[in-house]
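According to the numbering used here, the residues represented by the sequence shown are 773 to 988, in order.
Quick caveat, the hints were computed from the structure, so don't treat them as lab data.
Be a bit skeptical, because a hint or two may be false.
[To be verified] Below, in silico cross-link-like pairs of lysine-lysine (DSS-like), each with a Cα-Cα straight-line distance of 30 Å or less:
id	residue 1	residue 2
1	K785	K886
2	K878	K790
3	K952	K878
4	K841	K905
5	K924	K886
6	K977	K919
7	K860	K902
8	K874	K791
9	K940	K791
10	K830	K841
11	K905	K878
On a predicted model such as this, the values are computed, not experimentally measured, just so you know.
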Amino acid sequence: MSGKQYISWQIAKYATDKKLIEFTDKLKLPPVEFYAHVQANGDKTADGNAIYSNIGMKLLDYSNGTGDKTVSVEVNVSSDELMFVFEKLRQGVEEFSTSQEKIFGKPDEKGRCKVTKLLIIRATKDKAGKERKYPWFIQVENGTGVKVKNDKTGGTYIRANSFVADAKVYINLNDIDMFKLLSRVSSYVSVWEVTYAPRQLRAAKEIMQNAKEVVQ
Numbered sequence: 773m774s775g776k777q778y779i780s781w782q783i784a785k786y787a788t789d790k791k792l793i794e795f796t797d798k799l800k801l802p803p804v805e806f807y808a809h810v811q812a813n814g815d816k817t818a819d820g821n822a823i824y825s826n827i828g829m830k831l832l833d834y835s836n837g838t839g840d841k842t843v844s845v846e847v848n849v850s851s852d853e854l855m856f857v858f859e860k861l862r863q864g865v866e867e868f869s870t871s872q873e874k875i876f877g878k879p880d881e882k883g884r885c886k887v888t889k890l891l892i893i894r895a896t897k898d899k900a901g902k903e904r905k906y907p908w909f910i911q912v913e914n915g916t917g918v919k920v921k922n923d924k925t926g927g928t929y930i931r932a933n934s935f936v937a938d939a940k941v942y943i944n945l946n947d948i949d950m951f952k953l954l955s956r957v958s959s960y961v962s963v964w965e966v967t968y969a970p971r972q973l974r975a976a977k978e979i980m981q982n983a984k985e986v987v988q
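Produce the complete structure using the sequences and hints provided.
Written out as structure tokens, the structure is:
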């Protein structure tokens, strides 16, 4: 057997004849200095780069065909945010919604940065009051916007009315399919943390012990 072995980072997926949603592994450990965070959450490395641990979400719409006709969008979500949605599902809530907007990267020649938007809704009835067979609605938008810095917090946000969408895809799911997706994500995150976090914990404890011995 020759060639490189293909390894998929896909955790879970759901597909119809027109749409697909996929969850992928983008989890990362924090620097050893922040070992107790288990997953990186903006923790900075020695060179000043912030690390974020995420689950990737990718939605495809091939209603108009495949290849160049397929509409593709992506967004990164923390495992905590997805587990929050999973908990709402397990609680059996009838109405629920959560959203996320992120602007990141360096501005292009027009001064615009990449933007991702995520909307997750559970609604049992449509606008006409009819019972929905697929109560879960997930929508992702990819586009650009103007980044503004918040001088008080040091964070950034999207300037009002500056967002321009390049692509948008939504998908509807029933409870069992949503449960399958998030259950598999939850199981994977648990296994990942148990597998990789102890390495950082041991390394951090060793550093602290050595420092203690030097002081003594």
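Each hint tested on the structure:
1. Distance restraint check for K785 and K886: the Cα-Cα separation of roughly 25 Å lies within the 30 Å cut-off, and the hinted pair is therefore satisfied.
2. Pair hint K878 plus K790 does not hold up; C-alpha atoms about 34 Å apart against a cutoff of 30 Å.
3. Our distance criterion of 30 Å between C-alpha atoms is broken by K952 and K878, whose separation comes to about 37 Å.
4. With a CA separation close to 28 Å, the supplied pair K841 and K905 stays within the 30 Å bound.
5. Simply put, K924 and K886 have alpha-carbon atoms about 23 Å apart, close enough for the 30 Å limit, and the pair holds.
6. With a CA separation close to 40 Å, the supplied pair K977 and K919 exceeds the 30 Å bound.
7. Between K860 and K902 the alpha-carbon distance is near 22 Å, which keeps this suggested pair within the 30 Å criterion.
8. With a C-alpha separation of about 24 Å, the suggested pair K874 and K791 falls inside the 30 Å cut-off, and the hint holds.
9. Under the criterion of a C-alpha separation no larger than 30 Å, the hint pairing K940 with K791 is consistent with the structure, at around 12 Å.
10. Under the criterion of a C-alpha separation no larger than 30 Å, the hint pairing K830 with K841 is consistent with the structure, at around 16 Å.
11. With a CA separation close to 42 Å, the supplied pair K905 and K878 exceeds the 30 Å bound.
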